[in-house]
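> Residues per chain, in single letters:
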Amino acid sequence: MPSPNKKILVSYFALFRERAGRSEETIQTHCETTADLYRELSERHALKLASDRVKVALNAEFTTWNARLRDGDHVVFIPPVAGG
Amino acid sequence: MSAFRLSVAPIVPQLEARQVAGSDCGGFASFEGWVRNHNDGRASNRLEYEAFAELAATEGEKVLEEARRKFGVDRVACVHRVGALEVGDVAVWVGVAAAHRAEAFAACRYIIDEVKHRLPIWKKEHYQEGDTAWVNCEADSDPVSASEVAKPASDYSRQTALAEVGVLGQARLRSARVLVVGAGGLGVPVLSYLAGAGVGTIGIVDGDVLEASNLHRQTIYSFADVGKPKAELAARHIGRLNPEVQLEVHPMRLTPESARSLIEAYEIIVDCTDNFTTTFLISDVALELDRIAVFASVYQFEGQVQVFRPGQPDSLCYRCIWPTQIPDGTVGTCDLVGTLGPVPGILGSIQALETLKIILDAPGQLGAELLLVDLMNYTQTRFLVPPEASGQHKTCRAHARAEVDVRFLDLETTMALESAGDQGFDVVDLRTESEATAKPLHGVAHRRMSVEELLLEAEQSQDRKILLVCSRGVRSRQAALRLRELGFPAVYSLAGGWRGGSTAA
Chain A
4 MPSPNKKILV SYFALFRERA GRSEETIQTH CETTADLYRE LSERHALKLA
54 SDRVKVALNA EFTTWNARLR DGDHVVFIPP VAGG
Chain B
168 MSAFRLSVAP IVPQLEARQV AGSDCGGFAS FEGWVRNHND GRASNRLEYE
218 AFAELAATEG EKVLEEARRK FGVDRVACVH RVGALEVGDV AVWVGVAAAH
268 RAEAFAACRY IIDEVKHRLP IWKKEHYQEG DTAWVNCEAD SDPVSASEVA
318 KPASDYSRQT ALAEVGVLGQ ARLRSARVLV VGAGGLGVPV LSYLAGAGVG
368 TIGIVDGDVL EASNLHRQTI YSFADVGKPK AELAARHIGR LNPEVQLEVH
418 PMRLTPESAR SLIEAYEIIV DCTDNFTTTF LISDVALELD RIAVFASVYQ
468 FEGQVQVFRP GQPDSLCYRC IWPTQIPDGT VGTCDLVGTL GPVPGILGSI
518 QALETLKIIL DAPGQLGAEL LLVDLMNYTQ TRFLVPPEAS GQHKTCRAHA
568 RAEVDVRFLD LETTMALESA GDQGFDVVDL RTESEATAKP LHGVAHRRMS
618 VEELLLEAEQ SQDRKILLVC SRGVRSRQAA LRLRELGFPA VYSLAGGWRG
668 GSTAA
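Chain order of the listed sequences is A and B.
For the first sequence, the positions run 4 to 87 when this note's numbering is used.
For the second sequence, the positions run 168 to 672 when this note's numbering is used.
Derived by calculation from the structure, the hints in this document are not laboratory data.
All C-beta atoms in this analysis are idealised placements derived from N, C-alpha and C, irrespective of residue type, glycine included.
Some chain B residues near chain A, calculated using beta-carbon distances under 8 Å:
1. GLY352
2. LEU353
3. ASP441
4. SER464
5. TYR466
6. GLU469
7. ILE488
8. TRP489
9. THR497
10. LEU539
11. THR548
12. LEU551
13. VAL552
Short derived list, chain A residues pointing at chain B, Cβ under 7 Å:
14. PHE16
15. ALA17
16. ALA60
17. PRO83
18. VAL84
19. ALA85
Could you build the full structure based on these sequences and the hints that come with them?
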């Protein structure tokens with residue numbers, strides 16, 4: 004049985020913002036976990052960074068790649084940043 | 168001849184002035200102290216100066232060095248008479264030549280004030296009535312000029328008025344020792360605000376020279392200083408901002424070899440670098456030596472800030488968020504992806520504020536979290552890190568050990584370039600064409616190519632022995648690191664780079 008459709012707010016930072024061409028978007032998805040969602044969006048926006056180089060936050064707290072998504076969640080993908 | 172000296176012979180100002188003259192100078196200021204015919208209402212006809220010569224000489228040199236640093240002038244000199252002098256003789260002469268008159272006047276004034284105040288030189292006056300008196304030179308200066316020349320002390324009243332600072336907080340600031348790594352876009356506001364606040368000792372680490380492309384975001388520097396070492400330029404500026412601050416200048420890159428001894432000497436390390444390699448190094452050494460680290464970094468209109476307090480149960484080192492070394496080049500630097508000056512300005516200001524809060528033990532400090540600041544939309548978010556992800560650092564230490572082992576141990580070599588061919592190395596020159604033309608590599612077979620070209624080619628055989636060369640050993644070290652990370656074990660960097668001439672010591 005496919006996972007129910009969820010509405011997720013996604014925010015992008017740094018080079019993800021650039022690659023996605025937006026700061027945030029609300030998407031409808033069947034993804035179950037943060038990893039699924041990253042895979043889906045990574046393909047859609049060519050985010051081009053392996054997930055072990057990326058942090059994911061769920062509702063302003065860092066979480067893991069197997070965290071489950073619920074309708075109305077706010078997901079943030081954070082790449083590392085080095086400039087100074 | 169040293170720039171400060173004591174002289175038993177009469178001082179001839181025109182001769183003295185020659186030693187500071189230079190065609191690069193547009194202004195010259197001098198001061199002459201003369202023997203006058205009265206003191207304190209009594210007529211005098213001659214006097215004698217006596218000095219504790221060794222101490223006077225070293226202290227005199229110190230004063231001149233301070234003037235050089237504070238006012239950015241190179242050409243300074245001072246000569247003080249000792250022995251018997253007649254009325255009208257020149258007792259002391261100070262000369263400063265500089266690019267412009269303002270710093271020449273200021274430095275000249277500074278030198279004579281400090282010389283009169285600090286040097287162990289005593290004056291014996293012979294009065295017309297036949298009696299004599301020893302007069303301390305400084306006590307001798309009349310009250311009007313004394314108050315006029317009195318150095319204004321640093322004034323922290325605008326911050327001590329805060330309940331979070333006060334007299335106690337100011338004392339804490341004064342006894343703090345902070346190391347700022349990187350005097351660039353982040354480092355400039357950090358250094359400025361820490362010095363302004365009266366942080367007692369500030370170390371400045373930067374191995375780069377100023378480039379014209381730095382100036383849009385590194386606004387304490389001058390266009391005229393392009394090409395000069397940034398650590399020293401920063402020290403000069405900060406020294407003028409607050410002369411009370413003790414500055415320790417380290418004009419070098421933070422390397423695995425230098426990091427321990429440098430970081431050990433400070434309580435708080437502020438990471439203002441622009442590359443992951445140094446950030447991981449700072450985090451690893453701070454963890455090992457139990458030092459607080461304040462990290463920040465910038466990407467275009469955004470930035471990240473993080474504080475590491477080792478020893479605290481919820482402490483968060485850099486590896487707690489990013490467990491394994493991120494290769495430089497994974498995401499862009501300011502050089503590559505661009506930024507607007509105020510962005511590192513604001514992120515560096517946050518770093519400075521956080522550093523001051525830590526010293527003052529003020530409320531509201533960042534905990535186990537990553538602060539994300541987006542200056543395009545003016546939003547900021549504090550992302551909390553779950554407690555189990557931070558605190559013990561067992562995994563962080565393991566990662567650090569594993570990476571240090573493969574990466575840093577023998578990355579740099581000091582071998583003579585001429586012998587590299589015999590030892591089976593392919594020598595690769597990473598410099599640009601113009602650099603290579605200016606200082607050609609000779610005595611060894613080599614090829615010139617970019618890191619990208621090298622990467623493409625290197626894929627053909629993983630075991631090739633490669634020696635990378637650039638002009639200062641920085642680019643070659645980074646490239647060697649990158650190749651090692653990609654699984655090429657026999658890539659080395661020529662330490663210090665190719666400076667022209669022979670590599671033989």
